[in-house]
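Work out the full structure, taking the sequences as your base and the hints as a guide.
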Amino acid sequence: MAEKDLYFQGLSILFINSGLIKARANILKKQLEKFGGTFSSKYIPSATTHILTVPNITKSSFEKELELKIDEIKCPILNVEWLSVCLTKSKLHTEAGFLHDFKSELNNEKTHTPAVPVKNVTIPKPVEAPPELYPQGETVLGMKRKLYDSDDDSKDSVDFNTNTKKYLYPQVVRGKNTAGRWKQNKPSYSNSEQKSTIIDQLDSDSDYNTTTDDDDDVRGNVNFTFGDNQLEKGKQIEYSPPKRKLKGFSCMTGKSQLPTNYNKHITDKLEELAVLYKARGENWKERSYSKAVAVLKKHPKEVTSWEEAKNLPCIGESLADKVWEIISSGRLRKLDHLSEDKDTSSISLFSNLWGAGLVTANKWFAQGYRTLDDIREKAELTRQQQVGMKYYEEFIERIPRVEVIEIEDIVKEVIHGINPGLILVTCGSFRRGKSTCGDVDCLISHPDGKSHKGVFQQILQKGHDMDFLTDDLSIHDGGDHNQSKYLGVCLLKGDNRKHRRLDIIVVPYAQWACAILYFTGSAHFNRSLRLYAQKQGMHLSEHHLCTDVMRKGTTIIHEGTILPTFTEQDIFLHLGLDYLEPHDRDK
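Just so you know, we're using the numbering used here here: the sequence shown kicks off at 106 and counts up by one.
Quick caveat, the hints were computed from the structure, so don't treat them as lab data. Values in this document were obtained by computation on a predicted structure and should not be read as measured data. A couple of the hints might just be wrong.
Claimed, not checked - Calculated lysine-lysine pairs in the DSS-like style (CA-CA distance at most 30 angstroms, straight line): (1) 439 to 495; (2) 196 to 134; (3) 406 to 396; (4) 396 to 348; (5) 567 to 598; (6) 179 to 194.
Dropping the structure here:
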């Protein structure tokens, strides 16, 4: 690692564990050491450079934990969020705004009588203005979701000592004895209308209130509404990962953690064959080959004989024949045959038309169509298929990463012209760190839980007015409390520009984390994660994560309890899984 990346070099940091989630503390400690810092297990006046703690710790708790008086501490005492900001910006951030002010706390105790005993209250934590999410597929470390802002440390950075608006939400901790439920009496519902009511209340004006330093003391006056119950802002919510231990799920292991594929020369050709079978609609063959590929990739050594291949799971005699053919000759005749087959080529050609899947492609083939000209002249096309035909060559060309960023910048310009507080994350293969993308997926929300309302149609209108959006494929306005989705076509200004597929999804902030996870993908990773949740008696979608779900077979008959998820990390913690960065989900 380059020396410039060791921005914590020379720092020895002590963590005060009281009130700090253990999982989060471990992540921060690892990141501290990764970038040159050292973790101090106790306070050493001559060596400890910083002490990090949660913002709501009391003076007495701090002194008890440290076994020292405040006056004896000679180094800065900072909110642990300072470290998260440093990691996000990949450099040391100013300490201003993060210093713990015990004197202020003492003054408040003298002049204010808390509405509830101080020991039962967790002061809600403000969320800082975020960096651009995420130009290179990074994620924000820690448990806080940040608001959109510049990476610059200048005047645009958030100063917690000013009257900047702060967005509040309940704090979450890992627990042992609950089923991942709210600590208060959990709400229940038996139908979609009641469930919708809960989501509505999560997004209502009384939730996620913005506050300034001039507002009343938030410790006593701000509530979080969930169902018919009142949950105080900052009240701790417990994680309780499922006790059932499952193995063999792809979502458990990141791409970078996968074992070496000693049989890549075999699996590459079998994967190509599986793709061709899928294009022909022979799904059972595609699944058989995909299973065999998965087994071969995990095999701890190179397969060198027919017998060795035949003895592996999911590989019968026919597949073993093909494995041996690749081993002995380096070729696969079936792959060569299907690659050159005109029938396969036509079906593949048709299925690449936007709005036409494999079923439609096979129907056109059965009707005697063999070329795009046949489709253009003879087939009855839907409006979406007409757009797909119009831009066929442009749509099948991958979008360079730099162009995705240009498109993202235009969408940001549009949404910030409507409301500067709106945030945007470009998901899909872009967020997974790919060099090219098939389309651009932009998720938009507002962290106050209400200011996203009504912006969907404004975004589309502005996009059309500036000739950025050229064609609409599908528009679904979900209203104020559901996701609104636009699938369309955009065009950047300039010579030799190409029409690109663009999806814009406006998401209520209560669904933000689940939506980011879903739209980031990959599809294979999402399927594995949803199946894992299902096996644990839970349900995961792009809207929310539920526990205590009741099913009859695969049909949900009781949708259970919605779990609080403010970040992707929350979802992984609720499921009892290690967090995987986006680039590790591309399998």
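Hint check:
1. 439 to 495: violated, 34 angstroms
2. 196 to 134: holds, 16 angstroms
3. 406 to 396: holds, 18 angstroms
4. 396 to 348: holds, 28 angstroms
5. 567 to 598: holds, 15 angstroms
6. 179 to 194: Between residue 179 and residue 194 the Cα gap is close to 27 angstroms, so the pair holds against 30 angstroms.
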